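Number of protein chains: 2
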Amino acid sequence: MTAALGTSPADRARTVDLGPAVELVSKEEGHRQPLAPEFVSAEDFSPLEVGYDFGRVRREDIESGPRNIWRYKKLLPVPSNVEEVPNTEPGCTRLVRADRLAAELGVRRLWVKDDTGNPTHSFKDRVVAVALAAAREFGFDTLACPSTGNLANAVAAAAARAGWRSVVLIPSSLERAKVLTTAVYDGALIAVDGNYDDVNRLATELAAERETWAFVNVNVRPYYSEGSKTLAFEVAEQLGWRLPEQIVVPIASGSQLTKVDKGFRELGELGLVDASPYSVFGAQATGCSPVSAAFRAGHDVVQPVKPDTIARSLAIGNPADGPYVLDVVNRTGGAIEDVSDDEIVEGIRLLARTEGIFTETAGGVTVATAKKLVDNGVLDPDAETVLLITGDGLKTLDAVEGRIGPRATVPPSADAVREVLGG
Amino acid sequence: MTAALGTSPADRARTVDLGPAVELVSKEEGHRQPLAPEFVSAEDFSPLEVGYDFGRVRREDIESGPRNIWRYKKLLPVPSNVEEVPNTEPGCTRLVRADRLAAELGVRRLWVKDDTGNPTHSFKDRVVAVALAAAREFGFDTLACPSTGNLANAVAAAAARAGWRSVVLIPSSLERAKVLTTAVYDGALIAVDGNYDDVNRLATELAAERETWAFVNVNVRPYYSEGSKTLAFEVAEQLGWRLPEQIVVPIASGSQLTKVDKGFRELGELGLVDASPYSVFGAQATGCSPVSAAFRAGHDVVQPVKPDTIARSLAIGNPADGPYVLDVVNRTGGAIEDVSDDEIVEGIRLLARTEGIFTETAGGVTVATAKKLVDNGVLDPDAETVLLITGDGLKTLDAVEGRIGPRATVPPSADAVREVLGG
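Residue numbers (the UniProt record's numbering), protein chains in the order written: chain U, 1 to 423; chain Z, 1 to 423.
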C-alpha cells in the first residue's frame with residue numbers, strides 16, 4: 001500500500017490506471033494536463049476536472065456488474081479491477097416511489113433516492129470510495145480529511161476496511177456523539193483547538209507537505225467529486241434507463257449538484273439513455289444560502305456568507321462550486337430556493353410521516369425546498385421528479401429534539417391506551 | 001385498508017392469499033389449522049408456525065425479482081403481488097468478505113452479513129415487512145408492538161410508508177434519543193408508566209381485545225418471524241447459491257436463529273442449493289444468557305433470568321424459542337457461547353477497526369462470541385463462516401461512550417499533528 005520503489009505519488013501519476021480517465025482539465029479555460037493528485041490548474045487557477053476517453057459502454061456491461069457503484073466503473077476515474085480491492089461497496093441504494101409524499105406536495109410522480117442505505121448512511125461513502133481507489137493508484141497510503149460529520153465517518157470507515165491509515169481532523173468542540181461515530185473506526189482522529197475554518201486551513205497545509213496523504217476533498221478532489229455522478233447513474237438505471245424531468249439536490253459546496261448534471265449528460269452522450277431534457281433544482285438552508293441568493297439576484301458569482309443553520313452538513317459559506325451550480329441550474333431551466341430551520345424540521349417530519357424515511361437536516365432542506373418550489377409554481381407538478389436524500393436522521397437527532405415525542409404517557413392499562421386513541 | 005365488508009380479520013382468514021402459505025402448524029405436536037392471526041395452538045399450547053405448499057421454485061424466479069426480500073416471496077407467507085403495495089423494501093443487504101477480521105480471529109474464510117443497510121438499520125425491517133403484508137391480507141388496519149428500540153423504529157416506519165396507523169408502546173423511562181427515532185414517523189407512540197414487562201403485558205391484553213390491531217410480535221407472530229428466513233436466503237444466494245459451513249447468530253427470543261436454520265433447510269429441500277451440512281452457533285451476552293447456560297449444562301429447557309447487559313436488544317430473560325434454539329444447535333453440531341459487556345464493546349470496536357462496519361451491541365455480541373468460539377477451539381477456523389450483524393451502532397452510542405475518543409487534541413498547527421503521528 002506504500003508508494004512502490006520509492007516513487008512519490010506525483011511520479012507515479014504518469015503510469016496510473018484510472019480506467020477511462022485520461023487527463024485533468026481546468027474548468028475555466030479547458031487547459032489539459034496529465035492525471036495527477038492535483039486540484040487547481042496552474043494555468044488559470046480554476047478547479048481541475050477529470051477528462052475521459054470512455055470508449056463504448058453498454059447497458060449490459062453495467063447491469064452485469066456488482067450491486068454497488070463499481071457497476072459504473074467504466075464511467076469513473078478508477079482502476080479496472082476496482083471491485084476486487086476491499087472497499088465499503090457503497091451505492092445501489094433504494095429509489096423509492098413516493099406516492100404519499102407526492103400527494104402531500106401536490107405533484108404527480110415523485111421518487112426519493114434514499115442514500116441513507118449506504119455503509120455509513122450518507123452519500124459521502126460514494127465519493128470517498130472513488131477517492132480511495134484513485135489515491136491507491138497514485139501510491140498514497142493515508143486517507144485524510146477535515147470534517148465535522150458525514151465525511152469523517154465515511155473516511156474513517158473506508159480506511160479501516162481497506163487497511164489504510166486515516167487522519168481525520170475535527171474541531172475540538174465537536175459534540176460527543178459525532179466524535180464517537182468516527183473514533184470507533186480507530187484511525188487517527190485528531191481534535192484541533194479551533195473552529196472549522198482553522199481545521200480546514202490546517203488540512204490544506206498538511207496536504208501540501210505530507211506527500212503520502214490523500215486528503216479526499218483537497219489533493220484528490222477531482223477524483224473524489226466524480227463519485228457523486230453515481231447518484232445520477234443509479235437514478236437513471238432505476239427508472240429503467242431514462243432521465244427524470246426534474247431533480248432536487250441539496251447544495252453544500254455545490255459539487256454534488258454539478259456532478260449529478262454531469263452524470264445525466266454523460267449517460268445521454270454515451271447513448272445509455274435518451275438525452276431527454278431535465279431541470280436541476282438546488283436546495284439550501286436560508287441560514288446558509290449564498291447560491292440561492294445569487295440565483296435570486298441573477299448574479300453569476302456567489303457572495304460568501306457566515307453560516308447559521310441547523311443544516312450543518314450544508315453549512316459551507318463560500319461554496320467552491322457555487323458559480324458552476326448557477327450555470328447548471330440556468331442551463332437546465334431549474335431554480336434554487338432556500339428554507340428556514342423550522343421548514344427544515346417540517347421537511348424531515350413530512351418525509352418520515354409519509355414515506356417512513358428518517359433523513360438528516362440536509363434531507364429536510366431538500367424536501368422543504370421541493371414543497372416551496374411547488375407552492376410557488378416553480379416546480380412543475382406534472383413532471384416526474386426525484387428528490388435526493390443524502391444523509392440519515394440518526395446523525396442529527398438534535399434537530400428534532402424538543403419538537404417531537406410520545407403522543408401521551410399513560411398508566412399500564414388498556415383503558416388508558418383506548419382513551420388516548422379515541423375508543 | 002380497513003376490513004372489507006365488515007368482516008373481522010378472523011373471518012377473512014378463510015380466504016386470504018398468503019402465497020405458498022397454506023396452514024398453521026403447532027411446533028410441538030404438529031397440529032394443523034387454517035391460516036389465521038393466531039400464534040399459540042389451542043391443541044398443545046405450543047407456538048404456531050406457517051406451513052407451506054411451495055410447488056416449484058427456481059433460482060431464476062428469485063434472481064429476476066426485485067432487489068429486496070420480495071424476491072423470495074414464493075418462500076414467504078405473503079400475497080403474490082406483495083411488492084406492488086408500498087412497503088419499506090428491506091433486504092438485499094451486503095454480504096461482505098471480511099478478510100481483515102478473519103485474520104484477527106484466525107479463521108480462513110469469513111463473511112459479515114451487514115443488516116445495518118436496511119431502511120431503519122436493523123433486521124427488524126424484514127420481519128415487520130412480512131408481518132405487515134400478512135396483516136393487510138387479514139384485514140387489520142393498525143400495526144402495533146411493544147418495544148424499546150429497533151422494533152419500534154421498524155414498525156413506525158413501515159406503517160408510515162404504508163399509510164397505516166401504528167401504535168407503539170414504550171416504557172416511559174426510555175432514553176430521549178430512542179423516543180425520537182420512533183416519534184419522528186408520527187404514529188401513535190405511547191409511553192407507559194412501567195417497565196418493559198408491564199408494557200409487554202399490556203400489548204398482549206390489547207392484542208386480544210383490539211380486533212383490527214396487528215401486534216407484529218403477538219397475534220401475527222407466525223408470519224412476522226418467517227421474515228428472518230430471508231437472512232438465510234440472501235446469504236446463500238450471495239455465496240453463489242450454496243450454504244456456508246458455519247453461521248453465528250445472536251439470540252434474543254431465539255426466533256431468528258431457528259428461522260435461519262429453517263431457511264437453509266428449505267433451500268436444500270427445494271433443490272435451490274446443495275443440502276450441504278452446516279453448523280449454527282448462538283451468541284448471547286453473559287448478562288442475559290439463559291440459552292447459553294442451558295446449552296452448557298446440557299439441558300433442553302431454558303431457565304429464565306433477569307437481564308443485566310448493555311446488549312439491550314438481546315435482553316430477553318425468558319426467550320420463547322430457547323428450546324428450539326437448543327434443538328437446532330445440537331442437531332447441526334453448533335454451540336452457544338456468551339460474552340461479557342467488556343467483550344461486547346471490544347467486539348464492536350474490532351469489527352469497526354477491521355471492516356469499517358459500526359454495529360450495535362448485538363453485533364458486538366456476535367463478533368465477540370465468534371472470537372471466543374475460535375479461541376476455545378469450538379468454531380472450526382478452516383470452515384467458511386458467516387457472522388450475522390443485525391443492527392446499527394448509531395443506535396447504541398452509549399455502549400462506546402467513554403471508551404473511545406480522539407487520539408489527541410492539538411493546537412491548529414501542522415507541527416502538532418506531525419508530532420502526534422510520529423513524524
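Check before you lean on any hint, since a few could be wrong.
Said to hold, decoys possible - Straight-line C-alpha distance at most 35 Å; calculated DSBU-like pairs for lysine-lysine: (1) LYS372(Z) x LYS178(Z); (2) LYS262(Z) x LYS372(Z); (3) LYS178(U) x LYS372(Z); (4) LYS178(Z) x LYS306(U); (5) LYS262(U) x LYS306(U); (6) LYS306(Z) x LYS74(Z); (7) LYS306(Z) x LYS27(Z); (8) LYS372(U) x LYS306(U); (9) LYS27(U) x LYS74(U); (10) LYS27(Z) x LYS178(U); (11) LYS262(U) x LYS372(U); (12) LYS27(Z) x LYS372(U); (13) LYS262(U) x LYS178(U); (14) LYS178(U) x LYS306(Z); (15) LYS262(Z) x LYS178(Z).
Hint data in this document are derived by calculation from the structure and do not stem from the laboratory. Just so we're clear, the structure is a prediction, and the values are computed from it rather than from any experiment.
So, going through the hints one by one against the coordinates:
1. Using a Cα cut-off of 35 Å, the hinted pair LYS372(Z) and LYS178(Z) holds, with the two alpha carbons roughly 31 Å apart.
2. Between the alpha carbons of LYS262(Z) and LYS372(Z) the distance comes to roughly 26 Å, so the proposed pair stays at or under 35 Å and holds.
3. Restraint check for LYS178(U) and LYS372(Z): satisfied, since their Cα atoms lie roughly 31 Å apart, inside the 35 Å limit.
4. A hinted pair counts as satisfied when its Cα atoms are at most 35 Å apart, and LYS178(Z) with LYS306(U) qualifies at roughly 33 Å.
5. Annotation: proposed proximity of LYS262(U) to LYS306(U) holds, straight-line Cα distance about 29 Å (limit 35 Å).
6. For the hint pairing LYS306(Z) with LYS74(Z), the CA-to-CA distance comes to about 40 Å; that exceeds 35 Å, so the pair is violated.
7. In summary, the hint linking LYS306(Z) to LYS27(Z) is supported, as the alpha carbons are separated by about 26 Å, within the 35 Å threshold.
8. Distance check on the hinted pair: LYS372(U) and LYS306(U) sit about 24 Å apart at the alpha-carbon level, within 35 Å; holds.
9. Restraint check for LYS27(U) and LYS74(U): satisfied, since their Cα atoms lie roughly 22 Å apart, inside the 35 Å limit.
10. Taking the CA atoms of LYS27(Z) and LYS178(U), the gap is near 46 Å; set against the 35 Å cutoff, the hint is violated.
11. The suggested pairing of LYS262(U) with LYS372(U) holds, with an alpha-carbon distance near 26 Å, which does not exceed 35 Å.
12. This hinted pair does not check out: LYS27(Z) and LYS372(U) have alpha carbons roughly 55 Å apart, beyond 35 Å.
13. Taking the CA atoms of LYS262(U) and LYS178(U), the gap is near 32 Å; set against the 35 Å cutoff, the hint holds.
14. About 33 Å separates the Cα atoms of LYS178(U) and LYS306(Z), which keeps this hinted pair within 35 Å; it holds.
15. Of the pairs offered as hints, the one joining LYS262(Z) and LYS178(Z) holds, with about 32 Å between alpha carbons and a cut-off of 35 Å not exceeded.
Hint check: violations occur at hints 6, 10, 12; the rest are consistent with the structure.
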